[in-house]
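Number of protein chains: 2
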Amino acid sequence: MTEKKSLPNRRSFLETSGKFSAGAMTAGMIAGGLFTGSSAMAHTARDPKKKLGVALVGLGSLSTKQIAPALQKTAHCRLAGIVSGTPEKRKKWATQYDLPESSIYDYESFDKIADNGDIDIVYVVLPNSMHAEYTIRAAKAGKHVFCEKPMATSSEDCRKMINACREAGKKLGIGYRCQFEPHHLECMKLAADKTFGDLKHITAGFGFKSGDPKQWRLNKELAGGGPLMDVGIYALQAYRYLADGEPEAISAMEIKTDPVKFAQVEETLNWSMKIGKVSCSCQTSYGFNGINGFHAYGTNGHFGLKPAFNYSGIKGTSSKGPITFPQADHFQLELDDFAQCVKNDTPTKVPGEEGLRDMLIIEAIYKSAATGKTVTPVAFQ
Amino acid sequence: MTEKKSLPNRRSFLETSGKFSAGAMTAGMIAGGLFTGSSAMAHTARDPKKKLGVALVGLGSLSTKQIAPALQKTAHCRLAGIVSGTPEKRKKWATQYDLPESSIYDYESFDKIADNGDIDIVYVVLPNSMHAEYTIRAAKAGKHVFCEKPMATSSEDCRKMINACREAGKKLGIGYRCQFEPHHLECMKLAADKTFGDLKHITAGFGFKSGDPKQWRLNKELAGGGPLMDVGIYALQAYRYLADGEPEAISAMEIKTDPVKFAQVEETLNWSMKIGKVSCSCQTSYGFNGINGFHAYGTNGHFGLKPAFNYSGIKGTSSKGPITFPQADHFQLELDDFAQCVKNDTPTKVPGEEGLRDMLIIEAIYKSAATGKTVTPVAFQ
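Residue numbers (my numbering), protein chains in the order written: chain S, 236 to 616; chain F, 236 to 616.
It should be emphasised that the hints constitute simulated quantities derived from the structure, not laboratory data. The model shown is predicted, which means the values in this text are computed figures rather than measured ones. C-beta atoms are modelled at their ideal positions from N, C-alpha and C, and glycine is treated no differently. One or more of the hints may lead you astray.
[As the list claims (entries may be wrong)] Derived CB-CB ranges, DEER-like:
id, chain 1, residue 1, chain 2, residue 2, range
1, F, Thr430, S, Pro494, 24 to 30 Å
2, F, Thr430, S, Gly404, 55 to 61 Å
3, S, Gly446, F, Lys308, 50 to 56 Å
4, F, Asp433, S, Gly480, 36 to 42 Å
Model the full assembly from the supplied sequences, consistent with the hints where possible.
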C-alpha cells in the first residue's frame, strides 16, 4: 500500500467532519458559536461545558504574543499549564496567568504532566526539531497534542508522532491556523464551488527579511530547514487546500546570495508544482520582505489574498470585487476547533497526516532544488 | 569566443546610447520632445526634419489597431507603405491612409521595395515564423528593419537576421515597446539606482485565456512556440531589464491541461532563473486571464507594475507609494526612438542582439521544461 493511499486527503477530511461550508462556518464564528457540535461524546472532558486545559510547551514570542492571549478568548479551552526551561519565564507566566505550581513544568519534569488531570491538551510551540520529542512524550503522558507547523523536521519524525498519538489513543493536530481563518475558508469555498471556473494556476509566496543571524531559525539542527519550513509552508498549504490533491511533479530552485548568513539553511526557494490540472508557482525567502499571499486563476476569473498569512489584516481581492470578512484571532479559532474535536471525538481537519503530507512535499522540494531535477510522485510517496 | 561575450548586455547599450535616465526621458516625453538628439548625422534621411517612411508588413490586428494609429502621432516617422497578401486590406488601407499605389506591395512584389525611396524602415508584424524571412528580405532591399517580438522562432534565425542587417549596413530593432514606456523606465531606474536596496527577487508573469483554437498562435509552425514566445517574453524582458545580467541557471516546468487545444504549443509554463544575486519566478499561460505584471523585491522595499504589459492603463505600486506617470502610446515611443536612431545613426537600445538573447533564454526554458532539469549557462551560450 502506498503512502498516497494511506493518507486521507484534505477534502475527504473536511467532508467527513462536515466542516467545509465556509459561509456557515464564518457566520458561526461571527456569532461566536463556532462548531457547536451536537454530539456530546466527550472522552477526555466528562463535562462538555468545561473548558479543556491547555499546556503550552515553549514560551517564546509566538506563545507570548499570540497563543496565550488567544487562550484568554477561547470558549472551549483555556491556558492551564506551561513548560519552560527558563525559571524567570515560568515565574512571570505563573503570576500573569494565575497558574498553580502543580501545572508548571520544566523539560525534565515534563513527563509528570501525565498525572495532571487539569491538562487535556499539550500545545508544542518549540523550535521545529523539538516537535517530535515533545509530541511523543505528551502522547505517552496521555495528552492530546496540538503541534505548531512545521510538524517536524523530517517525514520520519512525522510518522513517529502520528504513531505515538495513535498508540496512546490521543488526537494530534497541527497549527495550520489559516485553515480556520474566514478569508481562507472563503477562498477554499470559491475553489471548491468553482465560482471562478476550474482553477488553472495559483501563485503563492511568503517570506521575510530575517534579522539576527544567530537565531534558531538559521540553525539547521534546530529549524530543520530555512524559510520553506518556516513560512513557505503557508504558500504550500494555500496551494494544497485550493488545488486539493496530490502533487504529481515538483520542480524547485534554490538561490543563495548570502552564504555566510545562510550557511546552514536555504535563503530563497522557488518551486513549481502540478496537482491535477492546477499548477502553481511559489516562493519563500528569508532575504527580503513583501511576498505574503496567494492568487488563484480560474477559467472564469481570479481571486486571492494579500496579505494572506499575517496574524491579522488579511485582505482579499477577486475579479468580481473584494473578499471581505471580519478579522479573527486565528489561534483562538484553531484552538477552539481542536478542543471541540477532543470533546466530541470528531476528526480534526488539521491532523498529523496533513503535517506529514506537507513534510513529504517539503522533502521533495529540497530534493528537486538539490539535484536540479523535477521530482515526480514516486519519489515522495 | 562565447556568445556571452559577443553580445553586449542591455545596460551597456543604455549607457552607450545615454538613454537610461528615465526621469529625463519621461520629462522629455511629457513635453513631447523625446530624444531630440543633438547630432544630425542622418545617413538615411538627408533632411533631419523629414519624417522617415515606414512600411508595415502584415496588416493584422496589431498593425490595424495599434501601429497604424501610432504612426499618425509619431514625430520622426510616418506610415508610408504597406505589404499584405489580401487585396481588400491593401485597398482599404490605401484609401484610409492615402498611400500611393507605388508603396503598396504583396508578398511576391515585396522585394521591389528596394527601389522605393519613400520607404526607410520596414516594420515586420507577421506571424513569428515569418519574421526572419521578411527581415532578411527587407535588409537585402536596403531598408532598416523594426521587427515585432519574438524576434524569430529560433536563435539560429535571429543570428541570420542580425547578419543580414549587418551586411546591408542597416539597423535592426525589436518591438520591445515596454522599454520605452514611462512606468517601465521608472522601474528600471529604481532598480539601477537601488532605491529599494539591492534587488533580491522578481516575480513576473503574463498570460491570457486564448480563444479561437485555430488561430496561428497555437500553430507551432507559424508561432514557433506558445505563450512563452508570445507574452511570457514580456515577463522575461521585465526580469532582464531589472536584474540586468546573464541568467546563470534556468529551471522550468510545463503544465498542459488541454492537450487537444494545445497539441502543438505549451499551455502554461513556470520558470525560475538566477541573474547574479537576483532570482525570479515567472509564469506564462494561454489557459487563464489575470496574470499581467511584475514585482521586484529589494533589501529595503519593493515595487512593481500591475497591469504592466497592456497597451495602456499601466499601474505602478511600491512600498513607498504609487508609481504614476502619464499613459503613453508605446508604439509611438518605440517608433520615434527607432526613427531617431536611424536619423542620427545612434544605437537602438532594442537591437537584434537583445532579441537573440531572449531567444537563447527561451530555448533554454523550453529545454529545461522538456528535460525536467535545471539548465546552466553552458547550455544556452
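Structure versus earlier hints - violations, ascending order
none
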